[in-house]
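Student: Produce the entire structure from the sequences given, and follow the hints as far as they go.
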Amino acid sequence: MAQLEETRKDDLGPREDQDSEEGQERDESLSGDRVTALRQLIDAHLRKNNVYEDIRKFVAGMGAEEGKVDSFDALRERKVIERVIRSLETQPAGQSASRTPSLKHAVKPGAQYLLVKVTGGRGFSETRSEANDDRQFVLCMHYGQQRFVADPVSCAQEPALDASFLVQISDQISFASSSPERQAQAVRELLQESSALQGLHFLIMRTRRSAIDSAKDLVASHVLEWRRLLASASGAATVAVELHATGEAAKVRVPAGILDLRLELVPARPGPSPLTDEKLLTSLRANTKQAGQAYRQFCEYARAWWEEFVELDDRFRHRLVKIFAENEWGDHEPVFAFVRPMRAGRLLASARHAARFVSLIPYTREEMVGGSRLEVWHVAHTFLSKGRGDCEDHAVLLCNLLLGFGLNAFVCMGTVQDSPEEPERDHVWCMTLSGKDNRTCTFWESLTGHRVVMAPRRDVESAAQTALRQSYRRIACAFNHESFYANKQRDDRTEHCSFNVLDDMRWKAMDERLIAAIQKRPVVPLRAPTIPEHERSDEIEIALRELVAAERAQQLDLDTRWDADLGDYLAPALCAYETERLTGVLAGNEDFQAAIRGHVPPGHSFKAFPTLLKTIDPHKILHALRKSTVASELLHTRADHTHFALRVMVLPFPEDVVAVWVMLAVRFRAS
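For the sequence shown, the tail end lands on 671 under full-length UniProt numbering, and the numbers increase by one without skipping.
Simulated from the structure, these hints should not be mistaken for lab results. Don't be surprised by glycine CBs; every beta carbon is placed ideally from N, CA and C. A few of these clues could be false.
Calculated lysine-lysine pairs in the DSSO-like style (CA-CA distance at most 30 Å, straight line) [said to hold, decoys possible]:
#, residue 1, residue 2
1, K322, K289
2, K289, K216
3, K322, K436
4, K322, K251
5, K251, K520
6, K279, K289
7, K627, K117
8, K251, K289
9, K488, K322
10, K279, K216
11, K508, K520
12, K251, K216
13, K322, K508
14, K620, K216
15, K520, K216
16, K488, K520
17, K614, K216
18, K627, K607
19, K607, K322
Per label pair, the in silico range of CB-to-CB distance [to be verified]:
#, residue 1, residue 2, range
20, A624, R669, 22 to 32 Å
21, R527, D568, 46 to 56 Å
22, A455, A215, 37 to 47 Å
23, S632, D171, 29 to 39 Å
24, G584, E311, 14 to 24 Å
25, D217, R626, 22 to 32 Å
26, H619, R527, 23 to 33 Å
27, A528, D171, 49 to 59 Å
Tutor: What follows is the structure, encoded as structure tokens:
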């Protein structure tokens, strides 16, 4: 629940029309604050990039006898100092939201903005203070095609949340320079859409400072209706947003905390609002009423539609035909409301790149107390901000992106079977249809990025594609943002099904007019990657070499020699593996094999182990190598003339999702 309290313009702080002498005095008095802010910025980057931990480990290993100069030179050799400088130099503009944006430079003439100031948090009662507690809160906000992330703050009952977001609410009109008629028109346009589309979506997530790529846990999610501010005489208000827990606790509305905000129209309106508060509330209530009526009408229709469906065959009631799903607020809404075409611009080059990107987002199985599965469908902003999710989250996001690339895409529900010895299990994936009568059907697996044509020419299908195709056992329903179809074929096994959803003899459709009347979730823009590809690859490679050498020295009492040339020759293989994941075709592997044969001396053996990971943490990478039988054998190699080689290739995707290819190799004299 949000409580709005109107604020007078005189209470909004210094105005831009104050004389320059006062501004000069203010600048001089802030010099100390700027130094403090710079120190805080450097400290935040040191913690974020795990530099403190690197320095502690290095100093512990160097010992006290080596002296300050040698320690500094060694730190420079390990590129620790360069990493600090680069992280400060390459910080994207606008990423740090803890400081008020410069309105003079950020506001475009002729556009209208909403300044959202986060002034603090209260009542986060689940937070417990512990010794060496490194947990942090991260605040995210989404509106339209804009996303904002505040600097992390330490978890506390009253977290020191302090951020300012300048949100553009119109690029066509400014309240400061437009006529009352145009202002009224702009307000009416802002009031036409529902709260779900025009609201400010806030997220509070919990993460850990010490981990390089720590998982984020969702603490609270809230959509704020801010448009009452449009009728405010001052154009400013303070807001206390009561947040509720998500997931299993969402149904009982468990309080999670209170978020204190201050909202202000920028530029300020010079005169009274063109719309009274009463008229504005009437308009908002009318929108809410209209959305509620559309939802109730669809619920009544869906109940009758389901009865007709199961009357065709009583066995149909056991099929996985899911019309409604529970969202992160504990409410039920139609599954197609989560689907909307999503364009990635230049961030993703093709539909296959989109599938690759979605597959790299870590999968997590949400569970209730007791271990049973908790099925919650998250909106796109939440899923992308968390950076992990269940199969439903992955499938919906992939379908949105496929629709954005112009494909006739659907989310499918049914069953899969991992192996003949295992039982079938419920699953969600994507499907695209093309050709005459939708004869060409392709299944897209959102968790792996694999795609398979369901009616292939047997002479061109590989064994892997055959196994993938046969793993999809049954299909129950398919839907997107415009349609919903249930499979009414007696045999719902995929090898016997027709996938032409327009065939009403085989598929039962819902009324598309009622589907169109249901409000959909807003489209969320993807964030461009900020991870420097080549620099991060070098950093991980250097750190991983040191970890491997240290482990061999401690466990085997062996020195580790590195073959730099051989490491370079491993790069084409990693490139080929990534190309295969993207296109399904392995290309360029012959060049790699030729280079290895030319480099490895006669009488020597060569062994290598490639692996794909989704982390940039060298310690997690080493742990993954230890868990592999083949990689562990390589790490413990004992032989004459043993030389190791290592190659790391980091491929950043939107949202700082990464594909990290690592190849560990060793050459030695054969016995």
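Student: Hints first: check each against the structure and report whether it holds.
Tutor: We went through each hint and held it up to the structure:
At most 30 Å may separate the alpha-carbon atoms for a hinted pair to count; K322 and K289 meet this at roughly 26 Å. For the hint pairing K289 with K216, the CA-to-CA distance comes to about 36 Å; that exceeds 30 Å, so the pair is violated. At roughly 28 Å between alpha-carbon atoms, K322 and K436 fall within 30 Å of each other, so this suggested pair holds. As the CA atoms of K322 and K251 are separated by approximately 20 Å, the hinted pair is consistent with the 30 Å bound.
About 21 Å separates the Cα atoms of K251 and K520, which keeps this hinted pair within 30 Å; it holds. Among the hinted pairs, K279 with K289 is consistent with the structure: their alpha-carbon atoms are about 15 Å apart, no more than 30 Å. Our distance criterion of 30 Å between C-alpha atoms is broken by K627 and K117, whose separation comes to about 47 Å. Note on K251 and K289: the hinted pairing holds, with a Cα-Cα distance of about 23 Å set against a maximum of 30 Å.
For a cut-off of 30 Å, the pair hint linking K488 to K322 stands: about 14 Å separates their Cα positions. Among the hinted pairs, K279 with K216 is inconsistent with the structure: their alpha-carbon atoms are about 42 Å apart, more than 30 Å. Between the alpha carbons of K508 and K520 the distance comes to roughly 22 Å, so the proposed pair stays at or under 30 Å and holds. Among the hinted pairs, K251 with K216 is consistent with the structure: their alpha-carbon atoms are about 22 Å apart, no more than 30 Å.
Annotation: proposed proximity of K322 to K508 holds, straight-line Cα distance about 14 Å (limit 30 Å). Proximity of K620 to K216 is assessed by CA-CA distance (about 17 Å); at most 30 Å being required, the pair is judged to hold. At most 30 Å may separate the alpha-carbon atoms for a hinted pair to count; K520 and K216 meet this at roughly 26 Å. Annotation: proposed proximity of K488 to K520 holds, straight-line Cα distance about 27 Å (limit 30 Å).
About 15 Å separates the Cα atoms of K614 and K216, which keeps this hinted pair within 30 Å; it holds. Taking the CA atoms of K627 and K607, the gap is near 17 Å; set against the 30 Å cutoff, the hint holds. For the proposed pair K607 and K322, the alpha carbon gap of about 49 Å is over 30 Å, so the pair is violated. Taken as a hint, the range 22 to 32 Å holds for the pair A624 and R669, whose Cβ atoms sit roughly 29 Å apart.
R527 and D568 have their C-beta atoms about 33 Å apart, which leaves the hinted 46 to 56 Å range violated. Remark: the range hint 37 to 47 Å for A455 to A215 is upheld by a beta-carbon distance near 40 Å. The hint said 29 to 39 Å for the Cβ distance between S632 and D171, and at roughly 57 Å that hint is violated. For the pair G584 and E311, the beta carbons lie near 43 Å from each other, so the given range of 14 to 24 Å is not met.
Under the hint 22 to 32 Å, the C-beta atoms of D217 and R626, about 27 Å apart, fit the expected range. At about 26 Å, the CB distance of H619 to R527 agrees with the hint of 23 to 33 Å. Take A528 and D171: their Cβ atoms lie about 21 Å apart, and the range 49 to 59 Å is violated.
In this structure, the hints that do not hold are numbers 2, 7, 10, 19, 21, 23, 24 and 27, in rising order.
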